[in-house]
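*Asks:* Below are the chains, spelled out letter by letter.
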Amino acid sequence: DGGITQSPKYLFRKEGQNVTLSCEQNLNHDAMYWYRQDPGQGLRLIYYSQIVNDFQKGDIAEGYSVSREKKESFPLTVTSAQKNPTAFYLCASRPQGWNTEAFFGQGTRLTVV
Amino acid sequence: SQKIEQNSEALNIQEGKTATLTCNYTNYSPAYLQWYRQDPGRGPVFLLLIRENEKEKRKERLKVTFDTTLKQSLFHITASQPADSATYLCALLASGGSYIPTFGRGTSLIVHP
Numbered sequence: 001d002g003g004i005t006q007s008p009k010y011l012f013r014k015e016g017q018n019v020t021l022s023c024e025q026n027l028n029h030d031a032m033y034w035y036r037q038d039p040g041q042g043l044r045l046i047y048y049s050q051i052v053n054d055f056q057k058g059d060i061a062e063g064y065s066v067s068r069e070k071k072e073s074f075p076l077t078v079t080s081a082q083k084n085p086t087a088f089y090l091c092a093s094r095p096q097g098w099n100t101e102a103f104f105g106q107g108t109r110l111t112v113v
Numbered sequence: 114s115q116k117i118e119q120n121s122e123a124l125n126i127q128e129g130k131t132a133t134l135t136c137n138y139t140n141y142s143p144a145y146l147q148w149y150r151q152d153p154g155r156g157p158v159f160l161l162l163i164r165e166n167e168k169e170k171r172k173e174r175l176k177v178t179f180d181t182t183l184k185q186s187l188f189h190i191t192a193s194q195p196a197d198s199a200t201y202l203c204a205l206l207a208s209g210g211s212y213i214p215t216f217g218r219g220t221s222l223i224v225h226p
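Protein chains in written order, with the working numbering: chain X, 1 to 113; chain P, 114 to 226.
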């Protein structure tokens, strides 16, 4: 089945550690996005990528890094520089064009312990 | 600054009634507007898209309006059912090449049997 897969669903991290969240899609979409969702808040854009080997910072990129070496994959690393990393992280992909919808993964809930 | 506002308070309605959710925006000129449904612990799922030159869009029991003068979109669910209970997010997309979805915080809808 075509879709977008995030793993793991739940992740626990000790303070001071980096952690990488996986996002894979087999929809052949060009654009991929990472959002962060906190309780009572909307989705805030962390990073996005329109094509392979290119990505741009979103509104809250500090403390995060990404790579886009393959069209199918857009991993997000939460570094120790991110001061408040506990949140629900959502990855999305979308074909190019104005009238296209975003397809989301199931999300990864990251908790810093 | 750009702002997207959706009611933070949950909307409680009785089964069979029409639910109306509001999305207001300021300092933004979206070319397109999308509505998504999000269930707890899951990623959002696309429902409808409406363009700036369209007044209304329908899909089954769903209806969306878009008033660029008022800077507002209304999302209606007719003959609501308990299964419609979820959080509904609006997303704005501006023209200019990127069409990156910018999301509101969402409104929780609770349909009582």
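Source of the hints: derived by calculation from the structure; they are not laboratory data.
Just to be clear, a hint being listed does not mean it is correct.
Unchecked claim - Among the chain P residues that face chain X by a calculated CB cut under 10 Å, a handful are:
(1) Gln119
(2) Leu124
(3) Ala144
(4) Gln147
(5) Phe159
(6) Leu160
(7) Lys176
(8) Thr178
(9) Tyr212
(10) Pro214
(11) Phe216
(12) Gly219
To be verified - Which chain P residues stay away from chain X? Per the calculated CB distances, all over 12 Å, these:
(13) Lys130
(14) Thr139
(15) Gly156
(16) Asp180
(17) Lys184
(18) Asp197
(19) Thr215
(20) Gly217
(21) Arg218
(22) Val224
Treat the numbers as computed from the prediction; the structure is a model and nothing was measured.
Virtual Cβ for every residue (Gly too), placed ideally from N, Cα, C.
*Asks:* For the hint on Ala144 (chain P), just tell me whether its beta-carbon gets within less than 10 Å of chain X.
*Replies:* It holds, given that the least Cβ distance between Ala144 (chain P) and chain X is near 7 Å, below 10 Å.
*Asks:* Min Cβ distance, Leu160 (chain P) to chain X: is it shorter than 10 Å?
*Replies:* 9 Å, holds
*Asks:* Holds or violated: is there a CB of chain X closer than 10 Å to the CB of Thr178 (chain P)?
*Replies:* Result: violated, 18 Å to nearest chain X Cβ.
*Asks:* Is the interface hint for Gln119 (chain P) satisfied, with its Cβ closer than 10 Å to some Cβ of chain X?
*Replies:* Holds, because the Cβ-Cβ distance from Gln119 (chain P) to chain X comes to roughly 8 Å (cut-off 10 Å).
*Asks:* Against chain X, with CB atoms and a cut of 10 Å, does the hint on Gly219 (chain P) hold up?
*Replies:* 6 Å, holds
*Asks:* Beyond 12 Å on every Cβ pair: is that true for Gly217 (chain P) relative to chain X?
*Replies:* 5 Å, violated
*Asks:* Non-interface claim for Gly156 (chain P): all C-beta distances to chain X beyond 12 Å?
*Replies:* 3 Å, violated
*Asks:* Can the hint on Phe216 (chain P) be confirmed by a CB-to-CB distance to chain X that is less than 10 Å?
*Replies:* Result: holds, 4 Å to nearest chain X Cβ.
*Asks:* Measuring from the C-beta of Leu124 (chain P) to each C-beta in chain X, is the shortest one below 10 Å?
*Replies:* With Cβ-Cβ at 15 Å, over 10 Å, it is violated.
*Asks:* Given Pro214 (chain P) was flagged as interface, is its beta-carbon under 10 Å from a beta-carbon of chain X?
*Replies:* Holds, because the Cβ-Cβ distance from Pro214 (chain P) to chain X comes to roughly 6 Å (cut-off 10 Å).
*Asks:* Take a quick look at Arg218 (chain P) and tell me if its Cβ sits farther than 12 Å from every Cβ on chain X, holds or violated.
*Replies:* The assertion about Arg218 (chain P) is violated, with a minimum of 4 Å to chain X.
*Asks:* Please settle this one: Lys184 (chain P) was flagged as non-interface, so is its CB more than 12 Å from every CB on chain X?
*Replies:* 17 Å, holds
Consistency note: the structure conflicts with the earlier hints numbered 2, 7, 8, 15, 19, 20, 21.
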